[in-house]
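**Student:** Protein chains in written order, with my numbering: chain A, 7 to 136; chain B, 7 to 136; chain C, 7 to 136; chain D, 7 to 136; chain E, 7 to 136; chain F, 7 to 136.
For the record, the hints were derived by calculation from the structure and aren't laboratory data.
One thing to keep in mind: the hints can contain errors.
Because identical chains share one entry, a pair is satisfied inside a single copy or across any pair of copies.
Cut-off 30 Å, straight-line C-alpha distance, at most; resulting in silico cross-link-like pairs (DSBU-like, lysine-lysine) [claimed, not checked]:
| no. | residue 1 | residue 2 |
| --- | --- | --- |
| 1 | Lys-51 | Lys-98 |
| 2 | Lys-132 | Lys-28 |
| 3 | Lys-21 | Lys-132 |
| 4 | Lys-98 | Lys-58 |
| 5 | Lys-21 | Lys-58 |
| 6 | Lys-51 | Lys-132 |
| 7 | Lys-51 | Lys-21 |
| 8 | Lys-21 | Lys-98 |
Number of protein chains: 6
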Amino acid sequence: MTRLIEESDAPPEVKAVYDDIKATRQTDWVNNFWKALARHPATLKRIWSNIKEVMAPGALDPLTKEMIYVAVSITNNCSYCIASHSAGARAKGMTDAQYAELLAVIGLANETNRLANGYNVPIDPKFLAD
Amino acid sequence: MTRLIEESDAPPEVKAVYDDIKATRQTDWVNNFWKALARHPATLKRIWSNIKEVMAPGALDPLTKEMIYVAVSITNNCSYCIASHSAGARAKGMTDAQYAELLAVIGLANETNRLANGYNVPIDPKFLAD
Amino acid sequence: MTRLIEESDAPPEVKAVYDDIKATRQTDWVNNFWKALARHPATLKRIWSNIKEVMAPGALDPLTKEMIYVAVSITNNCSYCIASHSAGARAKGMTDAQYAELLAVIGLANETNRLANGYNVPIDPKFLAD
Amino acid sequence: MTRLIEESDAPPEVKAVYDDIKATRQTDWVNNFWKALARHPATLKRIWSNIKEVMAPGALDPLTKEMIYVAVSITNNCSYCIASHSAGARAKGMTDAQYAELLAVIGLANETNRLANGYNVPIDPKFLAD
Amino acid sequence: MTRLIEESDAPPEVKAVYDDIKATRQTDWVNNFWKALARHPATLKRIWSNIKEVMAPGALDPLTKEMIYVAVSITNNCSYCIASHSAGARAKGMTDAQYAELLAVIGLANETNRLANGYNVPIDPKFLAD
Amino acid sequence: MTRLIEESDAPPEVKAVYDDIKATRQTDWVNNFWKALARHPATLKRIWSNIKEVMAPGALDPLTKEMIYVAVSITNNCSYCIASHSAGARAKGMTDAQYAELLAVIGLANETNRLANGYNVPIDPKFLAD
Numbered sequence: 007m008t009r010l011i012e013e014s015d016a017p018p019e020v021k022a023v024y025d026d027i028k029a030t031r032q033t034d035w036v037n038n039f040w041k042a043l044a045r046h047p048a049t050l051k052r053i054w055s056n057i058k059e060v061m062a063p064g065a066l067d068p069l070t071k072e073m074i075y076v077a078v079s080i081t082n083n084c085s086y087c088i089a090s091h092s093a094g095a096r097a098k099g100m101t102d103a104q105y106a107e108l109l110a111v112i113g114l115a116n117e118t119n120r121l122a123n124g125y126n127v128p129i130d131p132k133f134l135a136d
Numbered sequence: 007m008t009r010l011i012e013e014s015d016a017p018p019e020v021k022a023v024y025d026d027i028k029a030t031r032q033t034d035w036v037n038n039f040w041k042a043l044a045r046h047p048a049t050l051k052r053i054w055s056n057i058k059e060v061m062a063p064g065a066l067d068p069l070t071k072e073m074i075y076v077a078v079s080i081t082n083n084c085s086y087c088i089a090s091h092s093a094g095a096r097a098k099g100m101t102d103a104q105y106a107e108l109l110a111v112i113g114l115a116n117e118t119n120r121l122a123n124g125y126n127v128p129i130d131p132k133f134l135a136d
Numbered sequence: 007m008t009r010l011i012e013e014s015d016a017p018p019e020v021k022a023v024y025d026d027i028k029a030t031r032q033t034d035w036v037n038n039f040w041k042a043l044a045r046h047p048a049t050l051k052r053i054w055s056n057i058k059e060v061m062a063p064g065a066l067d068p069l070t071k072e073m074i075y076v077a078v079s080i081t082n083n084c085s086y087c088i089a090s091h092s093a094g095a096r097a098k099g100m101t102d103a104q105y106a107e108l109l110a111v112i113g114l115a116n117e118t119n120r121l122a123n124g125y126n127v128p129i130d131p132k133f134l135a136d
Numbered sequence: 007m008t009r010l011i012e013e014s015d016a017p018p019e020v021k022a023v024y025d026d027i028k029a030t031r032q033t034d035w036v037n038n039f040w041k042a043l044a045r046h047p048a049t050l051k052r053i054w055s056n057i058k059e060v061m062a063p064g065a066l067d068p069l070t071k072e073m074i075y076v077a078v079s080i081t082n083n084c085s086y087c088i089a090s091h092s093a094g095a096r097a098k099g100m101t102d103a104q105y106a107e108l109l110a111v112i113g114l115a116n117e118t119n120r121l122a123n124g125y126n127v128p129i130d131p132k133f134l135a136d
Numbered sequence: 007m008t009r010l011i012e013e014s015d016a017p018p019e020v021k022a023v024y025d026d027i028k029a030t031r032q033t034d035w036v037n038n039f040w041k042a043l044a045r046h047p048a049t050l051k052r053i054w055s056n057i058k059e060v061m062a063p064g065a066l067d068p069l070t071k072e073m074i075y076v077a078v079s080i081t082n083n084c085s086y087c088i089a090s091h092s093a094g095a096r097a098k099g100m101t102d103a104q105y106a107e108l109l110a111v112i113g114l115a116n117e118t119n120r121l122a123n124g125y126n127v128p129i130d131p132k133f134l135a136d
Numbered sequence: 007m008t009r010l011i012e013e014s015d016a017p018p019e020v021k022a023v024y025d026d027i028k029a030t031r032q033t034d035w036v037n038n039f040w041k042a043l044a045r046h047p048a049t050l051k052r053i054w055s056n057i058k059e060v061m062a063p064g065a066l067d068p069l070t071k072e073m074i075y076v077a078v079s080i081t082n083n084c085s086y087c088i089a090s091h092s093a094g095a096r097a098k099g100m101t102d103a104q105y106a107e108l109l110a111v112i113g114l115a116n117e118t119n120r121l122a123n124g125y126n127v128p129i130d131p132k133f134l135a136d
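Let's have the full structure, built from the sequences with the hints guiding it.
**Tutor:** In structure tokens, the structure reads:
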């Protein structure tokens, strides 16, 4: 169905990205997302460059970033992304209790988002300071 | 447009929730979301009870929970919720640098969610361990 | 900003649709949605024809149909559609108590949708009978 | 993949919720959604409490509430929820003709929501009465 | 699971639509979408009539229209629609390079949509000319 | 409300991006989206770099890319993005008739996406060739 570019078949420019993914993540495999993007090497390079920059430790720690990724992926219902970023969060130390609370917040936010829309709630002036 | 139940007009069962909101949050005002829900006291009580339980400190800290709330609200494009939970996160200590990284992760997740869908990427067996 | 085709400026093919809208709804005015679509008469005619067929009384009564429309519009956060179909539902008899319950169901469904995604719940075989 | 808590393995606090689900619904089984939530008993109890309150007969009848649930679930594309709430609606008497009309309204609402956004239609003052 | 109305079992009003689909598309088969809609012939006829009108060559060529369809379907994460309209676009001449660029635009638009929401960017007056 | 970094106040790294935007687009102004991103220069540089690469002429022409951007933005209901990319498409030659057809396709795709979900249509094997 979906054509994946395996490491053994990867042209040099793709192989270089795969190698950087493995080195950056200190792992020995490349997940399917990258093997699918590799059908268009410019996209592979661009997206990996974005992920590497955005997901690096910074003002937010890597686990928090993975949980934010999960929040977006569940809200958008992207099965692949839910699976991959939940695994990523667990690999960074997320406990079962943290995952349960993450899902509870995601669920409730989706509920109150619609209540705010449905009741057409005007934004409080205090919230607009910045 | 939207009818809001001000504290001065609140019947006792609504006033009791407003008082609990202020006590729990250690603040002296109630934001418009609750004043809109108060049109239906059973909904006001139910949603406040959910928020109080879900947003309490637990396995995740309150700031992380607020940022997850912002991630969902931006993905769903709920203006009120973006304003209120961004303010909530700032009140809990979120810096400008953290907000910028939060938005960068949210944006990128929304992008890769669609690339995963569009390329129909099969879930790696390693991600399905749990 | 948005160019609206007022009744007084409407060419005959647009005027004919406006007249059918007013006759079908037994009202004396046309709301802005149609005046915006009228910029492209083929779209105006096509969408009105769809609305007239789909929203007519049938196996479901008109009020139920309006509330379903509100449920979709709130989930998608379409301000215009929330305002117009909430007004439509009220015109067909929806009470404040019904609106409050409608919003409660919409909110909760948006929450459990994400919990089902996040927990990756397998569909029970009993649900797949038809 | 997803760990489900079967009734035979359920700790007492989970078993109590399962029993209440079966008693309230007058059925002899518990569907997978609850067995997945049971991994975090506090979430199981909280969500069941919400569902029990919101989906009870009130100003809206239970079948209408199930159809609203289907409308949200289809708009969000939650496969599990579409399957479970469509089955729930059929169990409450929804006919094939009603389901077809429900889907027709959902589809059309999703279409006109985008036309309203795309044409940036200003809200008619008459719709803002309440 | 989903009941499909095969051509051999189709009543005359359904068969007439199937024949028009095949004639219009100059093909010898009908895809499952129509066989599912055929459970409610009025919906089958209505949706086919809409598709036939909207997807016909006009101010936009058919390939551009298929790519727009793919953009919406990926954003909404409709697996069936992604598969069918991607196939439709390829049948109309879309190359692998075009598909890769299409997906790149879709992904980036989904990202910047959220950045615009999250930063609450005010619309430039110059954009509101029409 | 939203803090925008005007050209006159821009630090050198921001000014450099603004200058590249103006040179690339052969225009003399910078729209608000970039002035909001400029609060976090790393994000400004990263997103501009992505836009410059993805929106450049390639296998798809710039007008087609702008229309795809509009399709995503309307589906997500991002007001800013609808305004800016509709203006962008008009600046690249989009006619009123093309805009009307673009919106018609977007609307219909949003409708049939939900019908495909609601009827749970199985993907035709012929669509899975690639």
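**Student:** All hints, please: hold or fail.
**Tutor:** A quick look at each hint next to the structure:
Taking the shortest alpha-carbon separations for Lys-51 and Lys-98, both the intra-copy value of 24 Å and the inter-copy value of 28 Å come in at or below 30 Å. In this assembly of identical chains, the alpha carbons of Lys-132 and Lys-28 lie at most 30 Å apart only when taken from different copies (16 Å versus 47 Å within one copy). Taking the shortest Cα distances, Lys-21 and Lys-132 sit within 30 Å of each other only across copies (21 Å), while inside one copy they are farther apart (52 Å). Taking the shortest Cα distances, Lys-98 and Lys-58 sit within 30 Å of each other both inside one copy (16 Å) and across copies (28 Å).
Both within a single protomer and between protomers do Lys-21 and Lys-58 lie at most 30 Å apart by alpha-carbon distance, with minima of 16 Å and 25 Å respectively. Proximity of Lys-51 to Lys-132 under the C-alpha cut-off of 30 Å is restricted to the inter-copy arrangement: shortest distance 24 Å between copies versus 43 Å within a copy. Taking the closest pair of Cα atoms, Lys-51 and Lys-21 come within 30 Å of each other both inside a single copy (11 Å) and across two copies (26 Å). In the homo-oligomer, the alpha carbons of Lys-21 and Lys-98 lie at most 30 Å apart inside one protomer (26 Å), although the nearest pairing across protomers, at 33 Å, exceeds that limit.
Going through the hint list in order, the structure satisfies each hint without exception.
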